[in-house]
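2 protein chains.
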Amino acid sequence: MVKQKATNVTWHEGDITAEHRAKLLGHKGATLWFTGLSGSGKSTVAVELEGRLHEMGILSYRLDGDNVRLGINKNLGFSAEDRTENIRRVGEVAKLFADTGVIALSSFISPYTADRDQVRALHDAAGMDFIEVFVDCSLAAAEERDPKGLYKKARAGEIKNFTGIDDPYEAPSNPEVHLHSDRQTLDEEVEEILTVLRKRGIIPA
Amino acid sequence: MVKQKATNVTWHEGDITAEHRAKLLGHKGATLWFTGLSGSGKSTVAVELEGRLHEMGILSYRLDGDNVRLGINKNLGFSAEDRTENIRRVGEVAKLFADTGVIALSSFISPYTADRDQVRALHDAAGMDFIEVFVDCSLAAAEERDPKGLYKKARAGEIKNFTGIDDPYEAPSNPEVHLHSDRQTLDEEVEEILTVLRKRGIIPA
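Protein chains in written order, with my numbering: chain A, 1 to 205; chain B, 1 to 205.
Some hints could be false.
Said to hold, decoys possible - Anything over 12 angstroms on all C-beta distances counts as not near chain B; from chain A, calculated: (1) L53; (2) A126; (3) S173.
Claimed, not checked - Straight line, CA to CA, 30 angstroms or less: simulated DSS-like cross-link-like pairs of lysine-lysine: (4) A:K199 with B:K23; (5) A:K23 with B:K199; (6) A:K74 with B:K152; (7) A:K23 with B:K23; (8) A:K74 with A:K153; (9) A:K23 with A:K199; (10) B:K23 with B:K74; (11) B:K199 with B:K74; (12) B:K23 with B:K153; (13) B:K148 with B:K160; (14) B:K23 with B:K148; (15) A:K74 with A:K160.
Claimed, not checked - Computed Cβ-Cβ distance ranges for the label pairs, DEER-style: (16) B:S79 with A:T113: 41 to 49 angstroms; (17) B:K148 with A:A125: 47 to 55 angstroms; (18) A:E170 with B:E192: 18 to 26 angstroms; (19) A:G65 with B:N75: 39 to 47 angstroms; (20) A:T113 with B:N75: 38 to 46 angstroms; (21) A:G65 with B:E170: 47 to 55 angstroms; (22) A:D82 with B:N161: 24 to 32 angstroms; (23) B:E192 with A:K153: 23 to 31 angstroms; (24) A:K74 with B:R198: 29 to 37 angstroms; (25) A:K153 with B:L139: 52 to 60 angstroms; (26) A:G65 with B:L139: 42 to 50 angstroms; (27) A:P168 with B:G77: 28 to 36 angstroms; (28) A:E19 with B:Q118: 32 to 40 angstroms.
Simulated from the structure, these hints should not be mistaken for laboratory data. Backbone N, C-alpha and C define an ideal beta-carbon position, used for all residues, glycine too.
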């Protein structure tokens, strides 16, 4: 399944561009921006998609709390200001990945429209693909799942400024992909994303 | 030249790891950390190496002032504190690239040993390859080149805290690669780096 990779890669004494790298990899880079409530299933879809892309010979990389909040953003907390800076930095990193030819799978609650739109603008200005994936799920369903026990703590007042409880989630008004994780199967969700990637010419049809 | 890529990439319902990605790409990720005076030729070597790696079908990406200082680090200046945070963030980004399977070519003066060692420690802790490339060049030679006219401005007092003039450059004591850009050819420099990459098993021998 990896066979579509270009074999005619040559470099003629100049800077290597995103086009060169896309030729090398056999696909384009892009940023997929998963947004949704805690427990909505952002990471679950991202992990499944990563596996499917890998099977197709496509290079992707997940950016999430585990490798970003503990790394480049370890000096940031959860105030509104820090959340904004968190998303700004992740957006910049995702853009570098997209430029490299990697499909960046960014998975953060990213509750504020203005922050997400800033990342979108960053990509637009550079002519890079930004695909907002709204992982839609009712608060009730997310809270019932509560995979990390965070809603329980937020309801008990042990966590402050928790999105959906005492901090707002501003739903995307016009996302490129709108998933409904409380009524779609994981396969359906992944297929919906792959369809958009194919239509946009990011991955081979 | 791209033919060594793996064709037996399969995913068995689990997280995709750095090993999976290395198999897909046909090489490992790593961070090459170019350090040296302004005008020492860091970017020149990085650009040449990038082209050579690309010819070999190897995915690399340059991190430098152009795409980092204007992006993820645009809220940082040149005070000692900001320089340290600049290098810390670049180090974290390079580590993510290395984890992805990309050969990150980081090109910053990075004058302080402590900052570079922090990035090295970050990679060591994650079991990732960190290769410090000291682009050694006498101050006299760098100042004579002065490709961006920065030494002239620093001597005239128009730029403060300029490395080599009124701010120290702490040379690496034990770099993995020690280039001498004032007496080696570009080809010799690139070959020296490629030899280390091959010896370490990062790229095919």
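Which numbered hints turn out to be false for this structure? Of the numbered hints, 1, 2, 6, 10, 11, 12, 14, 16, 17, 18, 19, 20, 21 and 23 do not hold.
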